[in-house]
Amino acid sequence: MSDTNQAPKSAAATHEDAALLPPVDVLEDAGGITLYADLPGVPKDRLSLHVEADVLTIDGEVVLDAPEGMELTHTEVGLPRYRRQFTLSKELDAGKVKASFEQGVLTLRIPKAEHAQPRRIEVQVV
Amino acid sequence: MYYRSMFPRDLLAELERLQREVPQTVEPGPSIRGQKRGYPALNVGGTPNAVEIYAFAPGLDPATLDVQLEKGILTIAGERKAPAVSEQATVHIGERFAGRFRRVVSLPDDIDPNSIVAKYRDGMLHVSVQRREETQPRRISIQ
Chain P
1 MSDTNQAPKS AAATHEDAAL LPPVDVLEDA GGITLYADLP GVPKDRLSLH VEADVLTIDG
61 EVVLDAPEGM ELTHTEVGLP RYRRQFTLSK ELDAGKVKAS FEQGVLTLRI PKAEHAQPRR
121 IEVQVV
Chain X
1 MYYRSMFPRD LLAELERLQR EVPQTVEPGP SIRGQKRGYP ALNVGGTPNA VEIYAFAPGL
61 DPATLDVQLE KGILTIAGER KAPAVSEQAT VHIGERFAGR FRRVVSLPDD IDPNSIVAKY
121 RDGMLHVSVQ RREETQPRRI SIQ
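These protein sequence lines are chains P and X, in that order.
According to my numbering, the first sequence is numbered sequentially starting from 1.
According to my numbering, the second sequence is numbered sequentially starting from 1.
As a list, the in silico BS3-like pairs of lysine-lysine whose alpha-carbon atoms are at most 27 Å apart:
hint	chain 1	residue 1	chain 2	residue 2
1	P	Lys98	P	Lys44
2	P	Lys44	X	Lys119
3	P	Lys96	P	Lys44
4	X	Lys81	P	Lys98
5	X	Lys81	X	Lys119
6	P	Lys44	X	Lys81
7	P	Lys112	P	Lys98
8	X	Lys71	X	Lys119
9	P	Lys96	P	Lys112
A few chain X residues that face chain P, going by a derived Cβ cut-off under 8 Å, partial list only:
hint	residue
10	Tyr54
11	Phe56
12	Ala89
13	Gly94
I should point out that these hints are in silico values taken from the structure, not numbers from a laboratory.
Owing to the predicted nature of the structure, the values given are computational and were not obtained by experimental measurement.
From the three backbone atoms N, C-alpha and C, an ideal C-beta is built for every residue, glycine too.
Bound-form chain P, shown alone (with noise of 0.2 Å):
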């Protein structure tokens, strides 16, 4: 699994497109990797992850319930919107991927396939 983003092509792409790169853990175990990524600020519905050839792409969308006529005077966080991509390896099953979304934090587990799966051989003694 490795990440594919791009670099920002230049300052000027074009604003709808623009996303934040969201932080993420990715630990891998025999059996599969596990991903953890932050996305603080979005709800469940607004949140997007598909998985398409070998690319994994979370998307999500930053609900402020902000009151009417607020004006932000300081900002950390100046976009509405994450975005990662990952691609992932031929060992990996993407079609198992199971993934929970709670309190703003992403987990994904995606397994190995059953042929990159390790396997214990026994040594028979003779």
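Got chain P sorted already, so can you dock chain X onto it with the hints?
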């Protein structure tokens, strides 16, 4: 970062990563990496009758969040636990914040310390502080 030196990788991939990260570090680009700006990231806004503080603090148990207001200083503190990593697991990317945090915001003088509401939803803490009524602008009618 530590894990990178532990797992030397493909040089081209590293270059690509550099190319991506350098502009983010140098320019005030679209990044919310907690390491650079502190955790949680804060947005602060105001209306004529309230001050709104948004803390982007994903993955917390609201019971462990400590929000205090003292003499016009709002403090948001707490702790975020790192995900459990079993001994056989390898960490490939570790960017998310873990540990204790504390952020402090100085509020304007005209707020009412008795009308403060804090909500935690979708990993975001929203603190809303009303301004005192007597300080709100009033139109004075001319007789």
